[in-house]
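> Sequence:
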Amino acid sequence: MSTSTNMSQQDLLEVVPPFIAQGSSAMVRVLELPPGDPGLGPHRHSGPVFGYMLEGEMLFELEGEAPYPIKAGEAFWEPGGDVIHYTVANLLADRTSRFVVVMLCAPGVEMITMVSDEELAEKASQRIPAPTQ
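First residue of the sequence shown: 165, per my numbering; consecutive thereafter.
The set of hints was computed from the structure by calculation and includes no laboratory data. We put the CB at the ideal spot given by N, CA and C, even for glycine. Treat the hints with care, since some could be wrong.
[Said to hold, decoys possible] Simulated restraints, written as ranges between beta carbons of each label pair:
{"#": "1", "residue 1": "Gly200", "residue 2": "Ser168", "range": "44 to 52 Å"}
{"#": "2", "residue 1": "Ala285", "residue 2": "Leu177", "range": "19 to 27 Å"}
{"#": "3", "residue 1": "Val192", "residue 2": "Val273", "range": "16 to 24 Å"}
{"#": "4", "residue 1": "Pro293", "residue 2": "Glu219", "range": "22 to 30 Å"}
{"#": "5", "residue 1": "Leu176", "residue 2": "Pro271", "range": "25 to 33 Å"}
{"#": "6", "residue 1": "His207", "residue 2": "Asn170", "range": "22 to 30 Å"}
{"#": "7", "residue 1": "Ile184", "residue 2": "Glu283", "range": "21 to 29 Å"}
{"#": "8", "residue 1": "Glu229", "residue 2": "Asp281", "range": "38 to 46 Å"}
All chains, full assembly: derive it from the sequences and hints.
Quick look at the structure:
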């Protein structure tokens, strides 16, 4: 068996993830946002999420960060746990945006938990607005 190859590689993202609970499982999904879709409302993930934008462009907003666009060919991640994932919206009105995610799911905890309106109201003053251009 040959050990030589013409394979190339490009590093996209390197992060130190938060604690990963013993017994966690991994889930890989391809997600599609139809043109102009606002995406899932504010939610949390039970563990870290790592993603790669296959095509299109989405607006991404996590608790403690200003919203920012992610374009095709870019990688992203979120720590999960208590961090609110506010926005994952398709920025394109005329095209579907697609991305793949690898989610680490804490044992016995739903992968996605929606955030209550009461908590959103309590934290409204802490949200960081998008930069003006």
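> Now tell me if each hint is right for this structure.
Checked hints:
About 47 Å separates the C-beta atoms of glycine 200 and serine 168, a value consistent with the hinted range of 44 to 52 Å. For the pair alanine 285 and leucine 177, the supplied restraint of 19 to 27 Å is violated, since their beta-carbon distance comes to about 33 Å. The beta-carbon spacing between valine 192 and valine 273, approximately 18 Å, falls within the hinted interval of 16 to 24 Å. Under the hint 22 to 30 Å, the C-beta atoms of proline 293 and glutamate 219, about 28 Å apart, fit the expected range.
The beta-carbon spacing between leucine 176 and proline 271, approximately 28 Å, falls within the hinted interval of 25 to 33 Å. Distance hint check for histidine 207 and asparagine 170: the Cβ-Cβ separation is about 42 Å, which falls outside the suggested range of 22 to 30 Å. Hint check: isoleucine 184 to glutamate 283, Cβ distance near 25 Å, so the stated range 21 to 29 Å holds. About 22 Å separates the C-beta atoms of glutamate 229 and aspartate 281, a value inconsistent with the hinted range of 38 to 46 Å.
In this structure, the hints that do not hold are numbers 2, 6 and 8, in rising order.
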